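Chemist: Those protein sequences? They're chains A and B, same order as listed. The first sequence lines up with residues 1 to 221 when you count with my numbering. The second sequence lines up with residues 1 to 221 when you count with my numbering.
The set of hints was computed from the structure by calculation and includes no laboratory data. One thing to keep in mind: the hints can contain errors.
Where chains are identical, the list cannot tell them apart; a pair therefore holds if satisfied intra-copy or between any two copies.
Claimed, not checked - Simulated crosslink set (EDC-like; lysine to aspartate or glutamate; CA at most 16 Å straight-line):
1. Lys34 - Asp48
2. Lys34 - Asp59
3. Lys135 - Asp91
4. Lys144 - Glu115
5. Lys117 - Glu157
6. Lys137 - Glu158
7. Lys136 - Asp120
8. Lys24 - Glu218
Predicted, not measured: the structure shown is a model, and the values here were computed from it.
Here is what each chain is made of, one letter per residue.
2 protein chains.
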Amino acid sequence: LQKLGKADETRDAAFEELVANFTKQMNEGGKLQKDLKSYMAAVKAMHDASRRLQDCLADMYEPDWFGKEELDALVEDTDTLWLSYHQNLTDKSLLCMDTYLAQFPEIKSRIAKRERKLVDFDSARHHFASLQKGKKKDEAKIAKAEEDLGRAQKIFEELNVELQDELPTLWDSRVGVYVSTFQSLAGHQESFHKEMSKLSQNLNDIMTKLEEQRQINEEAN
Amino acid sequence: LQKLGKADETRDAAFEELVANFTKQMNEGGKLQKDLKSYMAAVKAMHDASRRLQDCLADMYEPDWFGKEELDALVEDTDTLWLSYHQNLTDKSLLCMDTYLAQFPEIKSRIAKRERKLVDFDSARHHFASLQKGKKKDEAKIAKAEEDLGRAQKIFEELNVELQDELPTLWDSRVGVYVSTFQSLAGHQESFHKEMSKLSQNLNDIMTKLEEQRQINEEAN
Numbered sequence: 001l002q003k004l005g006k007a008d009e010t011r012d013a014a015f016e017e018l019v020a021n022f023t024k025q026m027n028e029g030g031k032l033q034k035d036l037k038s039y040m041a042a043v044k045a046m047h048d049a050s051r052r053l054q055d056c057l058a059d060m061y062e063p064d065w066f067g068k069e070e071l072d073a074l075v076e077d078t079d080t081l082w083l084s085y086h087q088n089l090t091d092k093s094l095l096c097m098d099t100y101l102a103q104f105p106e107i108k109s110r111i112a113k114r115e116r117k118l119v120d121f122d123s124a125r126h127h128f129a130s131l132q133k134g135k136k137k138d139e140a141k142i143a144k145a146e147e148d149l150g151r152a153q154k155i156f157e158e159l160n161v162e163l164q165d166e167l168p169t170l171w172d173s174r175v176g177v178y179v180s181t182f183q184s185l186a187g188h189q190e191s192f193h194k195e196m197s198k199l200s201q202n203l204n205d206i207m208t209k210l211e212e213q214r215q216i217n218e219e220a221n
Numbered sequence: 001l002q003k004l005g006k007a008d009e010t011r012d013a014a015f016e017e018l019v020a021n022f023t024k025q026m027n028e029g030g031k032l033q034k035d036l037k038s039y040m041a042a043v044k045a046m047h048d049a050s051r052r053l054q055d056c057l058a059d060m061y062e063p064d065w066f067g068k069e070e071l072d073a074l075v076e077d078t079d080t081l082w083l084s085y086h087q088n089l090t091d092k093s094l095l096c097m098d099t100y101l102a103q104f105p106e107i108k109s110r111i112a113k114r115e116r117k118l119v120d121f122d123s124a125r126h127h128f129a130s131l132q133k134g135k136k137k138d139e140a141k142i143a144k145a146e147e148d149l150g151r152a153q154k155i156f157e158e159l160n161v162e163l164q165d166e167l168p169t170l171w172d173s174r175v176g177v178y179v180s181t182f183q184s185l186a187g188h189q190e191s192f193h194k195e196m197s198k199l200s201q202n203l204n205d206i207m208t209k210l211e212e213q214r215q216i217n218e219e220a221n
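Extracted from the complex, chain A is given alone in its bound form (with noise of 0.2 Å):
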């Protein structure tokens, strides 16, 4: 291929930073994706270790200890708010992320479909350089190696604005889709666990009931 000339060398650098960001958000987006997933299975695993654990207590609880319709509400409560929040983390942070993550297949072919035509154009460059530079030149021959050539970098030049119009755009976005997805994740952990630290106060509630009613039958024996 023919030698690009120092401005263009300099486009092309600039260029392939724009790609290295777009890559690098592309597998930092990927990755959070995945590990928002994984807290949210492991978010559904402790609820459901919760449940069992307070269905164990319940079940054991008699009818004729202090508290037990406390305790069976207290373990419905529970498991609302746990519900909630796993409900809450599908329906914002989750969502937020597929919204953004489904942008990027699309650009992405974008920026080989930009490669493959770079290639084209620098080949009609060629073809055309060596036509000019040949000993018997074929006016007709030249012509339309020239329009091959200015179709060809016009086709590369489209695509190429367009990417760098919209990958700046796009490596800014990452900050404020972080922003978003872990203030919703915040917002929701926090009332999460001020609710549950809650409900762990009714439990102590109920079981220092209980060790009063034990403390009153023991007495009496």
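Given chain A, work out where chain B should sit, using these hints.
Modeler: The following block gives chain B in isolation, referenced to the frame of chain A:
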């Protein structure tokens, strides 16, 4: 075997109830220990998943973004909180259950021994009665059988009295064990979730700062 008298029958029915309670109590305890262990495995798994998710954010977080140091500190604090929650559950609830459950095998084997000694006692009583009812009375044999019967009764009664004394006490002790297991669990849960809620608020604050920086940069461009 010889039919037991009315008093023996009543006494045995009462003992069967003690044994039924013992078995129920042992199964409940085993189930609780199992559910506690599963809960702790789930705590461990959610800790790991939460750590990976926060590490993912920390890895993406560029050094010149607002709040980088606060975020790194937050990741460590969150990790420490999870670790100490898990450790507290191990040290308190789980060890308390282990100690409680360790009593059961020895008592279970004494219940089985009492059962065998009851068979011996009944068989000695049967032997003695049939000698007494026999046509040709061998006084030496009868005296020997009476002595054996007395020994068999003594061995049985000792085990029986011990167990009749211990089983109701053990049965009553379950309430205190459930109280202390779940009170300790609820106490650790309460403070864990409370602290976790604060750390989530911190993460929210860091994200708000990052968003402010993003908006400043956007306006500058």
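Chemist: Each hint needs a verdict: does it hold in this structure or not?
Modeler: Against the structure, the hints come out as follows:
| no. | hint | result |
| --- | --- | --- |
| 1 | Lys34 - Asp48 | between (21 Å within a copy, 14 Å between copies) |
| 2 | Lys34 - Asp59 | between (37 Å within a copy, 15 Å between copies) |
| 3 | Lys135 - Asp91 | neither (70 Å within a copy, 92 Å between copies) |
| 4 | Lys144 - Glu115 | neither (24 Å within a copy, 109 Å between copies) |
| 5 | Lys117 - Glu157 | within (9 Å within a copy, 99 Å between copies) |
| 6 | Lys137 - Glu158 | neither (31 Å within a copy, 124 Å between copies) |
| 7 | Lys136 - Asp120 | neither (25 Å within a copy, 124 Å between copies) |
| 8 | Lys24 - Glu218 | neither (67 Å within a copy, 21 Å between copies) |
When each numbered hint is compared with the structure, violations occur for hints 3, 4, 6, 7, 8.
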